[in-house]
Amino acid sequence: MKGRLIGVILMIIVLGFSTTTFAQRNGQQKEAPAPGPAPRMADGKPDLSGTWRWEAIGSDPAVVPIELTLWGLDKFNWNIGPETANGVYAGRLTRVELDPVMHCYPPGLARLGPPPDGQRILSQGTIVETGQLDIIQTPGKMIQLYSYGHEARYIYTDGRDHPKNLQPSWNGDSIGKWEGDTFVVDTIGLRDETWLDGVGHEHSDKLHIVERYNRLDSETLEVERTLTDPIALAKSFTTRTVGKLTPETDFHKAPMVDCKAYMARKPAFGEGINGLLGINDHP
Amino acid sequence: MQLTAWGVDRYNYNKLPKGNGAHPEFDPVMHCYEPGLARIGPPLQVPDKSIRVWIDGESVPFPGGAAAMDAIEIAYAPKKIWIVYQYNHEIRLVYTDGRKHPQEYEDVENDLTTTWFNGFSTGSWEGDVFVIDTTNLHNVAWLDNLGHEFRKEHVVERFRRVDAETLEIERTITDPVGLAKPYVTHATLKLTPNLTFHANVLCEQYYFRDINYGFSGLMGINGHPWQTPVETPNPTWQDVEHSK
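Here the protein sequences come in this chain order: A and B. For the first sequence, the working numbering gives the first residue as 1, with consecutive numbering after it. For the second sequence, the working numbering gives the first residue as 284, with consecutive numbering after it.
No lab work stands behind these hints, which were simulated from the structure alone. Check before you lean on any hint, since a few could be wrong.
Derived lysine-lysine pairs resembling DSS-like cross-links, with alpha carbons at most 25 Å apart [to be verified]:
#1 A:141 - A:177
#2 A:141 - B:473
#3 A:45 - B:362
#4 A:244 - B:362
Based on the sequences and whatever the hints tell you, model everything.
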């Protein structure tokens with residue numbers, strides 16, 4: 001009995017080419033005051049609201065090991081083509097024509113991050129800054145707005161449980177609760193048409209995402225995210241991302257979910273995709 | 284809606300010959316473009332109010348019906364106000380820090396660096412009325428689902444909370460290119476504290492209604508006439524049918 005064949009694959013998220021944009025942005029920023037303690041809501045819980053920019057964007061490439069099941073490895077091999085099936089993924093051979101995002105599908109929660117998977121998306125020849133998350137805390141729910149794809153997500157905090165007959169959706173069904181000063185978000189009910197990332201890993205509709213939000217100080221938000229998928233992942237994997245409070249929301253700079261923005265990335269990658277793909281052509 | 288000669292021209296081009304709404308193949312929403320500010324309302328302009336969602340290989344009615352799709356959520360934040368729309372999960376950012384609109388934009392289709400589907404919005408209070416002024420709207424979008432187009436759209440919305448349960452929105456759309464007179468709509472919204480935010484509607488789900496018109500599949504963004512210039516300026520419905 002074979003059980004699960006475990007393929008350890010290093011997923012190298014290539015962020016290098018967004019460095020220029022990042023440096024320009026940093027140059028414009030003024031000296032930040034020393035961070036104070038995390039502000040708190042009226043109920044004593046940390047206040048997570050604000051506009052957060054992920055620090056990982058534009059910095060050193062992150063290396064996240066993913067252990068795939070046979071199912072997951074099979075999908076991945078197909079999505080990156082046979083040439084690199086047994087090698088380390090080099091970041092260039094993803095068959096972008098298979099990427100659901102290229103066919104006007106929403107990225108799905110796994111790719112929204114953090115860390116977001118949208119950094120490779122180009123628009124008008126420049127890299128779109130996709131590393132922002134805006135959090136609004138209201139009684140009974142938290143609203144999260146992602147600059148990547150202009151996605152909106154509701155996290156219910158009124159004590160409800162996941163619905164019994166859950167209809168899968170792009171960003172799933174999320175419920176949140178406090179464990180001390182940590183805000184824990186549990187998400188299930190994700191549609192399996194989306195990918196796990198832009199590299200070509202897939203997930204099933206059994207994907208389970210747990211996020212743990214910690215406001216470390218007035219300027220810093222730490223998010224630890226654990227993805228579990230019994231069908232696609234042999235082992236759950238965890239990423240840790242730090243966001244910095246930013247006074248300026250630049251949602252208007254990032255295009256909304258307009259497929260054309262995705263298609264424009266072709267010249268930089270040169271995979272031979274010319275023109276728009278469209279949802280109807282998806283395999 | 285009173286149109287300019289240009290507006291009439293575009294409308295005649297987009298509409299179905301029998302006065303049965305717009306030609307679905309010309310509708311940008313049917314090609315995965317965003318609806319744009321004018322159509323996300325309020326009042327809402329969805330392509331088909333009886334919209335269905337494709338789940339597990341079955342086409343089911345949109346959860347909660349069309350009324351649930353009409354809902355908006357307004358969230359205050361420092362120096363800005365967010366408006367989240369149930370329809371298409373649209374997000375609007377309204378700056379309240381006193382900034383101005385970007386400079387007058389060029390009339391460039393598909394330009395995503397100076398125009399946006401929901402435009403650039405600034406808000407201010409006039410007494411108890413919150414006034415949102417929006418320009419820089421991406422002119423690929425339509426004004427409504429009937430096929431009215433614009434080029435230099437300017438939207439002014441006046442939000443007034445009448446009582447604890449009621450919000451009134453008066454919306455004035457002006458467009459020197461497409462509209463001969465300002466187009467004013469009124470909408471009244473009721474507070475619904477326990478509304479669940481449903482899954483967003485993907486563009487693929489629009490196409491089921493077109494079975495009636497002979498479109499049995501999905502169109503996709505690449506099939507839009509803009510991608511390949513149309514030879515005849517005003518094709519009739521039959522022309523398009525025969526060319527397929």
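Verification of the hints:
{"no.": "1", "hint": "A:141 - A:177", "in the structure": "holds (10 Å)"}
{"no.": "2", "hint": "A:141 - B:473", "in the structure": "holds (19 Å)"}
{"no.": "3", "hint": "A:45 - B:362", "in the structure": "holds (23 Å)"}
{"no.": "4", "hint": "A:244 - B:362", "in the structure": "holds (18 Å)"}
When each numbered hint is compared with the structure, no violation occurs for any of them.
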